[in-house]
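Undergrad: Listed below, chain by chain, are the residues.
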Amino acid sequence: MNMNQEHLIFEISDKGKRGFTFPKMDVPENKNLTDDIPIREDIKDFPQVSEVEVVRHFTRLSQTNYCIDKGIYPLGSCTMKYNPKINEKVAQIQSFLSSHPYLNPRTCQGNLEILHASEEMLTEITGMNAFTFQPAAGAQGELVGMMLIRACLEERGDPRKFVLIPDSAHGTNPSSAHICGYKVKEIKSNESGTVDLDDLRKNMNKDVAAIMITNPNTLGIFESQIREASEMVHSQGGLVYMDGANMNALMGVCRPGDMGVDVIHLNLHKTFSTPHGGGGPGAGPVGVQKVLESFLPVPRVVYKDGYFDMDVNYPKSIGRVHGFYGHFLVVVKALAYILSLGPDGIKEASEVAVLNSNYIRKSLEKEYHLQYKAPTLHECVFSDKVQKKHNVSNIDIAKRLIDLHVHPPTISFPLIVHGALMTEPTETESKADLDLFVKAMKQIDKEARENPEILKSAPHDSYVRRLDETKAAREPRLRWKP
Amino acid sequence: MYPEDFRYTKEHEWIKVDGDKATVGITDFAQNQLGDVVFVELPEPGDKLETHQTLGVVESVKAVSDVYSPISGEVTEVNGELNDDPEILNKDPHKKGWIIKLKVKDKSELEELMTASEYEKYLEGLEEEE
Amino acid sequence: MSYISLSQKDKKEMLKVIGVSSPHELFDSIPDDIKLGRRLKISGPKTEPEIMEYFTQKAHKNKNREYISFQGAGAYHHFIPAAVDYLSSRGEFVSPYTPYQAEVSQGTLQLIFEFQTMICQLTGMEISNASLYDGASGAAEAVLMANRINRRSKVLIPKTLHPHYRQVIKTYTKNLGMVIQEIEYDDSGQISTSDLKKHLDKETSAVVCQSPNFFGVIEDLDTISSQAHENKALSIAVVAEASSLGLLKPPGELGADIVTGEAQSFGIPLSFGGPYLGFMACQKEFLRQFPGRISGETQDVDGKRGFVLTLSTREQHIRRERATSNICTNQALCALRATIFLELMGKQGLKQWAWQNIQKAHYAYSLVKKVPGVKAQFSGKIYNEFVVQTKKEWAEIEEDLMKKNITPGISLEKYYPELKRCGLVCVTEVSQKEDIDRFAELLKDSLRT
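Residue numbers (this note's numbering), protein chains in the order written: chain A, 1110 to 1591; chain B, 15 to 144; chain C, 41 to 489.
Since the hints were derived computationally from the structure, they do not count as laboratory data.
There's no promise every hint is true.
What the hints assert, rightly or not - Listed below are the simulated DSS-like cross-link pairs for lysine-lysine, each with C-alpha atoms no more than 27 Å apart in a straight line: (1) C:Lys-86 x A:Lys-1292; (2) A:Lys-1270 x C:Lys-194; (3) C:Lys-86 x A:Lys-1456.
Between the sequences and the hints, there should be enough to build the whole structure, so can you do that?
TA: Structure (structure tokens):
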């Protein structure tokens, strides 16, 4: 990349430079005010730079990032779809930005109506009964989901000890179950890539609180026996949690609530187009069937006699997980998205997501090994098995894709596929961009046979070349020091 | 390549017995699978271990692996060098990269473990599965 | 409006390549009896002008912009420099995801590194992470972290910690066999050190201390930390009003082992409560138990400096059920806003900012205390919030003042039944003298009746 290396802000900092000044104080100043309070002497080595330097610094830094606004970003499991700009605009309406969370409900009826309408939309799309918007991200949603299950079972007399999780699951699943006080039992996937019902039957008993299932699973394969699985769990008094990260394959086509799912989390920053922001903020709203509704976090938005209010009167609630009501501005964007698409647009989004993914799958299945041959929906997982013969790994493939100006697929997951390349284009990609990705992958396959060295030393043209992650872990340098 | 006087577990630990003392480490296969080791979590001298109990954890950049005790016994010494230089596990897993020394409780447990040739056959079997 | 970029021709060609005649065949793996079979009953589609209209209407139903507010309590109205919005709306920052492929994410990784550095500088600690969801979940994560470090199960949580933070801590620790012991406050509005001493024992994992606390009072963190350490417990400092770090002695110099809190004050709008910006910092020795993403410095194959997400083996995608936290997506874009904010402010700006906050709050405090029927509830020193007790019910005062377009601050009775007729008032640098004067006048009027 033709660009100078960008300095750290501290490296251009110097005394006397300022990026912002305040108006003179309009109240009389008391110079002795802090005489008997412990105050700091200085903020040692803190930056002192001008606004110009800050603007240039971040403008240049931004240019070293790949992003959806630049091109295809087929990061499996993350649903990197285009972020509509009207959603950004409505989230910047002054009234929303300046709403203090402690506003009297009388003065924020619009905000409460937005939360209420969003809840209605999501319950219809998922077939659930009620939603909470408190969870700040998918992982927190998973935690809330498991807490709801635990609270429900505790009320019945026994919270139980175990949670069953397929070996293909995202790491947040077992992690969330653990924080909830449960031990995890792994359920095997069968050769078709779906949950092995025999293994489930063997492991399901009255000590198991729940199964955490992703559908379609992390291989992009629909768990077609989900109803049987749910019945197995329910018949022994357990509950069914669905990780809704892959909801982009199902909208308008089928609904988790109709598959025996008791509780689900959604990722608004995946399925519902709100921006990923380089790592958040997202939102992980949790939807429940009636059986779990009384345990939802408080406060809840209620509508009574033509008036929206915040109600904390739910004695069985699990409590709070967020300081206030969750990520309101993210919900605004998701609602704008749902309204923009409407019922047919929402369904079309899933249909085209599945179309685009299958197009990529078909275009690359000669060159790249597919460990599981079952039909896939919105994503599929290739592996580096063929290229490994030439000592080329999925990491090398990913790094070379950078030279070819596309973002690599997800490579570290799922764990059941060695050398995975989890590819999810989403529905917003044009055929030209899909073909660009396919062409790049085919070129890399050819290079693996004819010139593997160029892959092993990739990337070549990026702002930085391959980075030494081992050094970063062995010699941690986690902040700048003078 | 695998020392004849060691015994091996299915989880890729090795153990070398000398009288009623033993040394434990992970095999070359294991360190290769893990990649560059960045951190080793060691037990304390005096810790009592059962067979298959986790005695420590090896972390690479992208993976974490439990190390299981091949037999039961009491930890007498841990390899402190691994704290400053975890790379030793990659460079010399069978000698300088030893992890713990322990006092053997029941020598008969060794019979459950694989010999060097049995371990090498086991590794071949794993490669075919891939 | 849909965001599909395929033409009819494209679809036809793609279906041909795949080998199916209609896109519906691609859903054959879903059993028919699971399929919805009807149209979703949701509103829309709406065009862009209609979307704008819909949300503008909702905004009109809000009346918040008609009021001058003196509300704080964990969410603070501060000025946000223009460049913060401008830079943080760039598509290159807004639209990528977590920087898993570091080589094409140096912008995000470097800004996080700068954020981490400044959090360390502000808190006086050695290590920071890339952010947590908010102050409340940060407090909960800190408590869980202390438990992982010393394996003790009791945590001392003062009543002067934000009630919502306390609630979130309870929710998080409920299923992990931990014991939460609340600590009383005294007439100064600070943690009662005698009550603290009473409950500190060998089972105590950590003492949590928010400063400035929920009442706006500055705590004696130094003493609290010493007491904790005497019992081999950890000292967790919580900062809910981050602007205070520009002036007050940092928790790292007052014995804190872990510092966590809310950085919403650093350039993040009130947003009706979210998204906000949790932060956490700790001393070096606790690194392996530290939750959250961390950006670390390294080199590329040419020896050029670069940044990567590091020490990932602490995290859920590798350690799974034994991870230090389940956190995956965090608050990166909010951290970007804070980073830009802090770099614009600079050392002098932050000092000046905090100075104006404490000065204006004290001006308001002294004015309000003089109003007949009002008294200061606590004797402790404050930063930019204070608690007053009035002769009238706070709800009535709120009614009277809202008729005159002022929101006086929040009622404390719902959180603290013993604090009858008390209100928590917040004054920041955006409060104008004339509004403060008017607030005091209206209070006087309200209390006359």
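Undergrad: All the hints need checking, so say for each whether the structure fits it.
TA: Results for each hint:
no.	hint	result
1	C:Lys-86 x A:Lys-1292	violated (46 Å)
2	A:Lys-1270 x C:Lys-194	holds (23 Å)
3	C:Lys-86 x A:Lys-1456	holds (15 Å)
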